[in-house]
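Peer 1: Each chain, written out:
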Amino acid sequence: MSNQQQLFQQLFEENSKRVYHLCYGYTGDSDSANDLMQETFIKVWQNLDKFRNEAQFSTWIYRIATNTCLSYLRTAKRRPTDELNDTIIENYTEEPSEKQEQIALLYKSISQLDENERIIITMVLDEIPYPEIAEVSGISEGNLRVKIHRIKHKLTEIYNSNERL
Amino acid sequence: MKGFDEIQQLWQGQKREPNVSFDTILKRLKSERSALLGRLLWQSVAVGAATITALWIGITVNFSTWTTYFALAIMVGCIAYYFGNQLNDYRDISRNSHLLSKPQEYIHYLRRFQEKRNRFNTRNYQVYEACIAVAFILYGIEMYFILPIWSLIGIFIFVIFWFLICHFVFMKQFIKNENLRIEEMIDNLERIKNQFD
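Order-wise, the sequence lines are chains A and B. Those letters in the first sequence? Residues 0 to 164, per numbering that gives the first Met the number 0, in order. Those letters in the second sequence? Residues 0 to 196, per numbering that gives the first Met the number 0, in order.
Worth flagging that the hints you see were computed from the coordinates, not collected in a lab. The reader is advised that the hints may include incorrect statements.
If you only want the chain B side, here are some residues facing chain A, beta carbon under 10 Å, derived [said to hold, decoys possible]: (1) G2; (2) I6; (3) Q7; (4) W10; (5) P17; (6) N18; (7) S20; (8) F21; (9) I92; (10) S96; (11) H97; (12) L99; (13) P102; (14) Q103; (15) Q194; (16) F195.
Now the stretches of chain A that chain B is said to cover, found in silico as 3 or more residues with beta-carbon under 8 Å [claimed, not checked]: (17) 38-51; (18) 58-66; (19) 97-104; (20) 156-163.
On a predicted model such as this, the values are computed, not experimentally measured, just so you know. Just so you know, even glycine gets a beta-carbon here, dropped at the ideal spot from N, CA and C.
Turn these sequences into a full structure, and let the hints steer you where they fit.
Peer 2: Here it is as structure tokens:
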């Protein structure tokens, strides 16, 4: 295995789960999330030689993943949120447990946020450091802190109101 | 009632994982590269064959008027222009460097790309269509000296009819659908861009 392939495998193992969560949070659909994650890593491989050590690998991969999710609009007709929510619930009915139901509800709540909020909150939930999120999203750190505070509050409210229902 | 910390714990405890392995990605990388090369190769072969056929006709067939040679040149030019543009746009959108930009810049790039495609499918296509029509008219001059007048009129009526159908039915529908799609995409991109501002 070449050095580049070894590096790529290491990057894949370290980041695939988080990238998948980001894509899942964005699309609310497991198949699309797998496709977007694959696409992200294909682009990572194709651009590996362009990586300059200005940022961390993870930041760089997240940016590719974010832009891949955004360009998802170019090819896919966005489905109404209701339909999206049905898909999320359907995907989780195979393994019904209280925890799975709560996770399904969480994804449903994330899908009710704006697109950029979904991207930011999935990174927050995965405990990505704020400077890294600011670097990925191109938003200043000060502005991002305000945004994150607002999104956390919004997500908690949506989740609790969905839970009540 | 849950607080954000509990929601975060819930998120981190999820077992959902991607069902795509490293090997699947490597396999797809290989197949994508060959599929891309294959597609480009076949398009190039088709355009090359059309150009060579046009050149071969121009060289081997002894046309009596210069207008026919001119018509052939226009046809070759149109094919090359259309193929060149498609290839350029295809390379532009698959060039990955834009993906490394900040989301706002990337959205801006996508928006410009959509507008460019819109112009290509509408305004540029009309110029393309006009050039093909001129090429047919020029070729008609040669036919005027060869074919009986009624056959020539018949062929001309058929060609005009075909052009009108393409322009007013097929192309109108295509442009309408394409515009609706592009407008929807631009609206979405604008909406997302505003979220990042």
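Peer 1: Could you run down the list of hints and mark each one as holding or not?
Peer 2: Comparing the hints with the structure gives:
no.: 1; hint: G2; verdict: 7 Å, holds
no.: 2; hint: I6; verdict: 6 Å, holds
no.: 3; hint: Q7; verdict: 6 Å, holds
no.: 4; hint: W10; verdict: 4 Å, holds
no.: 5; hint: P17; verdict: 4 Å, holds
no.: 6; hint: N18; verdict: 6 Å, holds
no.: 7; hint: S20; verdict: 9 Å, holds
no.: 8; hint: F21; verdict: 5 Å, holds
no.: 9; hint: I92; verdict: 8 Å, holds
no.: 10; hint: S96; verdict: 7 Å, holds
no.: 11; hint: H97; verdict: 8 Å, holds
no.: 12; hint: L99; verdict: 6 Å, holds
no.: 13; hint: P102; verdict: 6 Å, holds
no.: 14; hint: Q103; verdict: 6 Å, holds
no.: 15; hint: Q194; verdict: 4 Å, holds
no.: 16; hint: F195; verdict: 5 Å, holds
no.: 17; hint: 38-51; verdict: holds (count 7)
no.: 18; hint: 58-66; verdict: holds (count 5)
no.: 19; hint: 97-104; verdict: holds (count 3)
no.: 20; hint: 156-163; verdict: holds (count 3)
Taken one by one, the earlier hints all hold for this structure without exception.
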